[in-house]
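Going line by line, the protein sequences match chains A, B, C and D. In terms of the numbering used here, the first sequence is residues 121 to 501. In terms of the numbering used here, the second sequence is residues 121 to 501. In terms of the numbering used here, the third sequence is residues 121 to 501. In terms of the numbering used here, the fourth sequence is residues 121 to 501.
Treat the hints as calculated values from the structure; they're not laboratory data. Some clues are possibly wrong.
Given that identical chains are not distinguished, each listed pair holds provided it fits within a single copy or across any two copies.
To be verified - Within a straight-line C-alpha distance of at most 30 Å, the following computed DSSO-like cross-link-like pairs (lysine-lysine) qualify: (1) 345 to 414; (2) 414 to 134; (3) 451 to 422; (4) 193 to 164; (5) 458 to 164; (6) 349 to 391; (7) 345 to 271; (8) 151 to 174.
Just so we're clear, the structure is a prediction, and the values are computed from it rather than from any experiment.
Protein chains: 4
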Amino acid sequence: MTKKLTYGMVGGGKGSQIGTIHRKALNLHGKVELVAGSFSRNFKNTLITGRELKLDEKRLYNNYVEMAEKESKRNDKIDFVVIVTPNNSHYDIAKSFLENGINVMCEKPLTVTLNQALELQKLANKNNLLFAVSYAYTGYSMIRYARELVKSGKIGEVRFVNSQYISEWMAKVPFIGKVPRHEWRSDPDISGLSNCVADIGVHVENLISYVTNLKIHSLCARMDKFIEKDRLDDNASILVNYDNNSKGIYWTSQITIGHENNLNFGIYGTKGSIEWSQERANYLRLSTIDEPFKIISRGNDKVSDHIKDEYVAPGGHQEGYVEAFARIYDKFVDAIYKRKQGEILTPSDIDFPTVEDGVQGMRFVEKCLESSNQGGVWVNF
Amino acid sequence: MTKKLTYGMVGGGKGSQIGTIHRKALNLHGKVELVAGSFSRNFKNTLITGRELKLDEKRLYNNYVEMAEKESKRNDKIDFVVIVTPNNSHYDIAKSFLENGINVMCEKPLTVTLNQALELQKLANKNNLLFAVSYAYTGYSMIRYARELVKSGKIGEVRFVNSQYISEWMAKVPFIGKVPRHEWRSDPDISGLSNCVADIGVHVENLISYVTNLKIHSLCARMDKFIEKDRLDDNASILVNYDNNSKGIYWTSQITIGHENNLNFGIYGTKGSIEWSQERANYLRLSTIDEPFKIISRGNDKVSDHIKDEYVAPGGHQEGYVEAFARIYDKFVDAIYKRKQGEILTPSDIDFPTVEDGVQGMRFVEKCLESSNQGGVWVNF
Amino acid sequence: MTKKLTYGMVGGGKGSQIGTIHRKALNLHGKVELVAGSFSRNFKNTLITGRELKLDEKRLYNNYVEMAEKESKRNDKIDFVVIVTPNNSHYDIAKSFLENGINVMCEKPLTVTLNQALELQKLANKNNLLFAVSYAYTGYSMIRYARELVKSGKIGEVRFVNSQYISEWMAKVPFIGKVPRHEWRSDPDISGLSNCVADIGVHVENLISYVTNLKIHSLCARMDKFIEKDRLDDNASILVNYDNNSKGIYWTSQITIGHENNLNFGIYGTKGSIEWSQERANYLRLSTIDEPFKIISRGNDKVSDHIKDEYVAPGGHQEGYVEAFARIYDKFVDAIYKRKQGEILTPSDIDFPTVEDGVQGMRFVEKCLESSNQGGVWVNF
Amino acid sequence: MTKKLTYGMVGGGKGSQIGTIHRKALNLHGKVELVAGSFSRNFKNTLITGRELKLDEKRLYNNYVEMAEKESKRNDKIDFVVIVTPNNSHYDIAKSFLENGINVMCEKPLTVTLNQALELQKLANKNNLLFAVSYAYTGYSMIRYARELVKSGKIGEVRFVNSQYISEWMAKVPFIGKVPRHEWRSDPDISGLSNCVADIGVHVENLISYVTNLKIHSLCARMDKFIEKDRLDDNASILVNYDNNSKGIYWTSQITIGHENNLNFGIYGTKGSIEWSQERANYLRLSTIDEPFKIISRGNDKVSDHIKDEYVAPGGHQEGYVEAFARIYDKFVDAIYKRKQGEILTPSDIDFPTVEDGVQGMRFVEKCLESSNQGGVWVNF
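Bound conformation, chain A alone:
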């Protein structure tokens, strides 16, 4: 009877939403166990959270520094740490764990500057550690199938991409009172130089990159501050040129009343197109030059067997955000396990978003700012 892998968490204390999601996503496949944590800057919160989660109190730590150091010295040290704190602390925390030889899963955006991200990348590589970033949407089966369809040439060469991540919460803040859980997102001291692009724009950048494999060559961004003029962006319109002469529009917003969390894309090629929306996550709309458009659902015979093999719910049923998230984690956990067994990882083992994706996200944020701050000029990527 082999033991499960173990992990610890920084952030995610009582009142945190995202910490709970990570833990449930990690629960789903039953391969790992949470054993350590520094869930809050407030140790009382850490204690309460740790007790609720039935952890050994010896492994509840005052802060991440103590946690990284003490865990690294244990024989049964955690196999990886999950970082679910606000943006501005990601860098220091990730660095600590990497320096102490512990694999990392970090929330996006990876850091608050591109330089920090590049340093983490270097450090992870130097220390030969696995470093994942929680771009969870890439875990949806239909996203994985979309990627395959593009790669297979089904829609020909991609000409144009339209992708949006539009939501409403910032528009509601002045009406329903501050939402403390989210308020820090528009606070430059915690969130960094960007709110909207850093929080959800990076999902668009990553998702399109994942599905199409297109590389951004240059972009022109207009970042808006509709809600509070002196805070951070809450809306952004970005024209994108890719390396292969294809083009795109990205639109990301927190002020589009009527949309809770509408992430979607259309990818238009020389022979067809693929469209997807997070609100219909288990379906793809596939059009080809010679056929009416089709809705492909998870149960469809066309979907590749290796994608179906990873289903949690059978075709016809719905898989949600946690299943997508769990798929990302599952790949990450399998890679850690394989390496722990002494095996050498092949590229196909790295089937999860990595620190490289995190770096790319930060480059995207900085380039958008560079363009927008000059009034929406074109900048090379």
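We have chain A already, so just place chains B, C and D on it with the hints.
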């Protein structure tokens, strides 16, 4: 550090789909641990499955009888058993565990006859055991909110219900070859007297009963055998009269090509209506006499806080079948835990489908057969 | 320069909705001219309406008897009459015009009894006149394409039909005050023996018959009076058996709050299915055994050229109710014109709903009543 | 008995699609009669078309010059001319009729240069003639209601607009052979300096301007030539700044396989949003800060009575492109009629797109070209 509750499983060996779903649904909230199993009539399969799941081999059993008896004698006996075998074995297995003092979660349909179901109900009550039936759709948050809306009078008194559970797999069998995993469903020796009504019709009966609290008074059923004349029903049209003079149509099918798993309903009252579809499980369509129709999604401000408190994924994101299933299990597990702590359960603790629901399902199956076998006459319920 | 055909109208005076629609539908293709009318029992209304429509006052008549007689004696008598009065007067009016040798387009339901309908059918045949009934939905291009698809065997042999015509206006009556324009529909003295089945149920019967060519063999109907117990039916659930062992469910309602005018169907065959909804009238959902489902729109390459040749708006644009209606009228007008030219009509010229369809509708109404009045027994058709 | 107004048409001969639509739209309300035409540069085609339409051959003209001159000298001269020729001839034809004192309805884009458009505007004003441009989408009832909603403050102040007009026909050309009817659109000699922006981009510009009353202050455009490098644009991405600090994205395309004719918008304000799509033209999606989103359909009680009074098909039924077009024409015809009666027109009589809208469209085309030709710089409007 309190220990987790433990459970065992009968059925769900390698190759089983539904066993995996139960285990993942049980994993999600991290409150229980699988420790015992008789996963197959074939002990080799049980061993393989048990090893994969990292169980102690001492608790892998040759058959359910041995499992029920041996587990019941352990100090650390399982807190409940999950039964995920074909229909015709539910009765014997459930009976064994109930007689050995172990709580039960059983797949639907509960049994193959109403009498068996009534016996299990009696036995569970006599032995003061908790007995759940896996009507998982009632675990969706929007279903729970729909039930509240009906109860609150938002749509007035219900006049009419239209509900469908339509799918296509039986229509595909002659084309794509037998689907061994499902084939037993149309085999009377394993499935009992009904395929379609027993397999998915009972979901309609349970879901409408859950959301509306309407009691069926009489029904008129036409059960069809489109695929194979000498096997079991694959389609059924059922007119239903409820106690309060409201009426309904239930339609359940396995031959509607183009629908993988379309469970849906519309409930029409004197002041408004509610509509829901499994394919858009995180959304309700609410219409009232004086307003355009509205789409209510999980993130909406109107949804009750106590429902939101149980979300796994935040509003705007998707929850799927496993989250719904996990919610049912979570209520069941909490009830077992509470009773184990010596507390007395109140009615509100029984917030999951019980053996009574299972009995009702079997009554529904038998009444449909009674009506249909006489050419579609009206029969009292 | 050939002259246009001319027509007269009975009913459709100021305040009438349906009369206006008929006139606009007749305007669309510019082939006919309104020249005579008895628009109301109240001659003042007839005069006002006639003036607004710029008719010669000599051809505004006190009543339909006078109109039929006087028109029949003119050299330039109307080529056809349009009857858009309440149900109970259809028979007498149609009879008058038929006896006076004038072709007829009559609103549905054709009459208030099957016998009346049969008499009109006999009379029209005896006098060799064209008699159309305004089942306008059969004029939608996608309905015509659906009919072709079924005929071509694309979905194999039809096994099951589900069709609904659900609306809400009766449910609103008690809340928003009587709607005088519609109130007569639930008044037995004017509407006849049925409200809901006669008004919209016949559309379901006709539409399914048109698209599938299935013949009803027997049916079991439950007709409800939810709004006013002492008036006519406002909801009906009908199980249908067809001649070829295929089956169907028809549901027609005026109390489904949230649905203004939702006419839809699904037709499920051995190889595929077709689905359509009036609310998405320019699209068909086509599923086949080996393909994901497809949405076929008017502009699609697969749609037959002869159907496209009759488009008013180009593919990609929307055609509405009036275009569908105009298509029916266009076929009717062409047939009258052809016969007037002395040509002999072939079956393919009769490409509009005829008195035979009207008779079938009345048979449907009477059979539903026969079944429902006996408590929902099966009756042969 | 007053006589109908009369009109003539330039273009729209046999084989023309758009000419037929204009004629049917003009037929619908029965207020005008086609009496003259120069349907083609080829007089034979004019003769054939004129005969089919049953026109007096004396009023079939060799060319538009002859037509304008001869008609202007008749006592019963046409009340207006409809111009449905390719872009590059609009200017000369319109000028001829204006100089001869005849009101004009012209297809969009109004001309091929802004200067031409300004001249026509000047000439129409000087000669006190009515000049409409066929932006037909503004005739949809739901567009008119959307405009009212914005004006009423229902969604607060507009912050952001996203609008698309995406289609696929250019992407299909290389596969299915040249489509002669459309081919000239990408021919600079006929179409002018732009294909995609001039053909469909101007619809976006006009529609948003109509619904929001926002004035464009500056824009940044990227126009693409995906299909043929040496021809005209087939796709364009345009960032727009409005006068009041609100912003927008316009995307217009002829290469998005899977979209026949998808014109849509979302308008996001401080208190809510409105969304509409041509493919669901009879429905609006309305969201407000404190309510789930609602679907408003034509039959809804909230829609203003004066909008409902203009319905052709009753609520619940569908109105299509021709009904929208007919509404525009109806306003235009009513204004001509009123002026002919000697009445003075008030601003509310000019309830149709005018030459000013046509000018604005041409300014939009030229500004997009100015921006795009410089690599996508921001240009003032």
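Against the structure, the hints:
| no. | hint | verdict |
| --- | --- | --- |
| 1 | 345 to 414 | between (39 Å within a copy, 27 Å between copies) |
| 2 | 414 to 134 | neither (44 Å within a copy, 34 Å between copies) |
| 3 | 451 to 422 | within (23 Å within a copy, 38 Å between copies) |
| 4 | 193 to 164 | within (24 Å within a copy, 42 Å between copies) |
| 5 | 458 to 164 | between (36 Å within a copy, 27 Å between copies) |
| 6 | 349 to 391 | between (44 Å within a copy, 18 Å between copies) |
| 7 | 345 to 271 | between (38 Å within a copy, 24 Å between copies) |
| 8 | 151 to 174 | both (17 Å within a copy, 10 Å between copies) |
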